[in-house]
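Student: Listed here are the chains, written in short residue letters.
Number of protein chains: 2
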Amino acid sequence: MSNTTVSEARTELDDQTELEARRREFGRQLIAAGLLIPTGIDGLYGRGGDFEAIIDGIDFAVRAAAAAAYDTAPRVLRFPPVFPRANFEKTDYIASFPNLTGAINTFTGDNKAHRALLADRENGVDWDGHLESAGTMLVSAACHPAYAGLTGVLDEPVLLDVYGYCFRHEPSLDPARMQAFRMHEYVYVGDAEGAAQHRNSWVQRGLDVLAGLGLDAQAVAANDPFFGRAGRMLAANQREENLKTELVVPLYGGLGEPTAIVSANCHQEHFGENFAITAPDGSVAHSACVGFGMERIALALLRTHGLVINGWPSSVRAALGMPQG
Amino acid sequence: MSNTTVSEARTELDDQTELEARRREFGRQLIAAGLLIPTGIDGLYGRGGDFEAIIDGIDFAVRAAAAAAYDTAPRVLRFPPVFPRANFEKTDYIASFPNLTGAINTFTGDNKAHRALLADRENGVDWDGHLESAGTMLVSAACHPAYAGLTGVLDEPVLLDVYGYCFRHEPSLDPARMQAFRMHEYVYVGDAEGAAQHRNSWVQRGLDVLAGLGLDAQAVAANDPFFGRAGRMLAANQREENLKTELVVPLYGGLGEPTAIVSANCHQEHFGENFAITAPDGSVAHSACVGFGMERIALALLRTHGLVINGWPSSVRAALGMPQG
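Residue numbers (our numbering), protein chains in the order written: chain A, 1 to 325; chain B, 1 to 325.
A hint or two may mislead.
One copy or any two copies: either way a pair holds, since identical chains are not told apart in the list.
To be verified - Subject to a maximum C-alpha distance of 20 Å in a straight line, what follows is the list of computed DMTMM-like cross-link-like pairs (lysine to aspartate or glutamate):
1) Lys90 to Asp126
2) Lys112 to Asp126
3) Lys112 to Asp92
4) Lys90 to Glu122
5) Lys90 to Asp120
6) Lys90 to Asp128
7) Lys90 to Asp224
Just so you know, the hints here were simulated from the structure itself, not pulled from any lab data.
All chains should be modelled from the sequences, with the hints used to inform the complete structure.
Tutor: Okay, here's the thing in structure tokens:
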């Protein structure tokens with residue numbers, strides 16, 4: 001290793017340490033301001049009133065962009081945070097992201113079994129062994145519960161407006177990496193050309209939404225964090241075929257990678273095949289989606305415009321549908 | 001058994017069958033109208049745009065009542081649908097309602113363990129054995145995640161505005177018994193007198209909100225569905241001490257018990273003791289809450305005013321903050 005490389009490595013390490021320190025400091029600031037409320041577990045927070053006002057404002061801006069884009073409004077679907085295991089299976093998420101999943105267990109026993117559970121609990125013994133699968137999973141991506149309703153032959157391409165809570169088990173001190181967060185998605189299901197056009201149109205529309213909020217975002221080719229050795233190939237393939245575009249914003253100046261706050265994706269025939277959805281032309285349906293990461297956009301706004309929303313630029317407050325100071 | 005008793009028993013059975021039939025029929029109507037979207041599991045539904053508009057409208061009415069009641073706005077707290085196991089433990093919910101709980105499991109293994117999971121999956125074998133506790137639970141009542149943040153000595157009584165998704169594992173064909181639903185709560189934590197006053201004031205305020213929505217609700221003494229033999233004593237005690245008042249509306253005329261759509265509860269020192277919250281006077285804090293069952297109120301509105309929200313009475317639409325037709 002040459003001296004230069006050692007010095008470069010040291011600088012990278014310093015940067016990493018500095019980045020971690022800045023993330024923690026940002027987290028502390030958010031909590032001190034009452035924007036986030038700690039729960040005792042990394043990546044799980046309550047939200048204060050101002051934080052929710054920002055989320056509602058972002059949703060106002062996103063919906064305005066969709067309303068301007070479509071003559072016929074996309075079909076509104078809202079799902080609870082849990083959905084059937086059978087539909088989760090069809091997403092193949094357990095194959096690609098097992099470490100991020102959330103399976104729901106519950107107690108289905110009788111009085112005697114309950115007494116045994118409580119005895120373990122009293123003795124400080126883990127009581128999970130007394131539970132069984134509830135047949136449900138936490139939603140990993142807002143659009144996942146939507147596909148099962150489309151099984152069959154589509155009369156025409158479908159456009160969905162889906163918004164809900166997502167769960168990903170990745171405990172972190174980085175405020176931008178939450179275990180539970182909201183995603184507002186616009187989903188297209190139809191033919192390959194329509195899917196590509198949907199994804200591409202939302203890259204530009206997403207940039208416009210973010211610019212209206214005073215965020216200087218860039219569109220970059222990206223890949224999902226597929227699990228394990230096999231996952232590396234999937235990730236490389238996703239990049240090579242240009243299936244995922246992220247809109248990213250630097251949260252800490254030049255430190256670390258910029259943070260993805262919007263994601264626009266072509267799924268090719270993945271959901272069409274697994275959920276047996278046939279496009280109007282008789283082929284297996286293609287799909288595409290754009291997902292607005294609501295909490296991450298809120299954090300980008302707070303980093304950019306400050307922690308006091310009353311002091312945000314009037315153009316930004318107007319884009320968020322907030323009353324003018 | 002006398003003839004009269006046999007005949008009465010037969011009538012009761014007929015009523016029960018008729019009630020089940022009406023519930024299924026209502027469920028079918030809601031799905032046909034696109035208000036609810038079936039997921040393949042009883043009690044788990046997606047929501048259509050009109051259903052969500054009703055939920056937003058109910059929230060508008062509830063918030064208006066709270067705004068009129070308080071000079072100082074209650075503190076807004078919004079929690080995701082999962083919260084730490086450690087805080088769930090302090091609610092004692094696993095002792096009283098084990099059958100309703102939802103524990104989160106996830107995969108924490110390596111490549112090899114993942115291959116073993118996928119092999120089981122491929123062979124149609126249940127793969128839950130490859131998962132471990134994620135340290136989190138689904139939220140059973142909207143207020144549960146709020147108490148951990150109050151541990152310590154309160155300077156003054158606390159008033160919280162909490163709204164979120166709740167999970168209760170009770171699969172049912174009754175549309176009014178969902179596994180995932182939203183609850184908007186106003187929570188008081190302070191002294192015993194303040195808690196009783198909070199509960200009582202919200203019984204009347206709740207009735208007023210519902211009357212404004214054109215719902216003819218009654219306040220009745222009630223108890224929670226505590227689990228098992230020991231639970232029967234807890235339920236009797238709750239009724240005897242008048243700790244739970246439900247606002248109920250008949251959904252199917254005189255058939256079956258009317259449905260609870262709002263619940264006002266005194267918790268006595270339960271949460272104060274378990275979360276170590278001390279009232280300003282130095283005693284263990286008492287708490288009380290009112291919970292508006294958003295989905296159930298929506299269903300009561302749909303039963304009462306019909307499935308087409310554009311046709312609802314203008315006074316009801318005004319109370320819901322909906323534009324006038």
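Student: Does each hint hold? Answer for all of them.
Tutor: Structure-based check of all given hints:
In the homo-oligomer, the alpha carbons of Lys90 and Asp126 lie at most 20 Å apart only across protomers (15 Å), although the nearest pairing inside one protomer, at 31 Å, exceeds that limit. Taking CA atoms no more than 20 Å apart as the test, Lys112 paired with Asp126 passes inside one copy only; the shortest distance there is 17 Å, against 25 Å between copies. In this assembly of identical chains, the alpha carbons of Lys112 and Asp92 lie at most 20 Å apart only when taken from different copies (18 Å versus 37 Å within one copy). Taking the shortest alpha-carbon separations for Lys90 and Glu122, only the inter-copy value of 13 Å comes in at or below 20 Å, while the best intra-copy value is 39 Å.
Taking identical chains as interchangeable, the C-alpha atoms of Lys90 and Asp120 lie at most 20 Å apart only when they sit on different chains, with a minimum of 16 Å there against 36 Å within one chain. Proximity of Lys90 to Asp128 under the C-alpha cut-off of 20 Å is restricted to the inter-copy arrangement: shortest distance 16 Å between copies versus 26 Å within a copy. Taking the closest pair of Cα atoms, Lys90 and Asp224 come within 20 Å of each other only inside a single copy of the chain (18 Å); across copies the shortest separation is 37 Å, beyond that limit.
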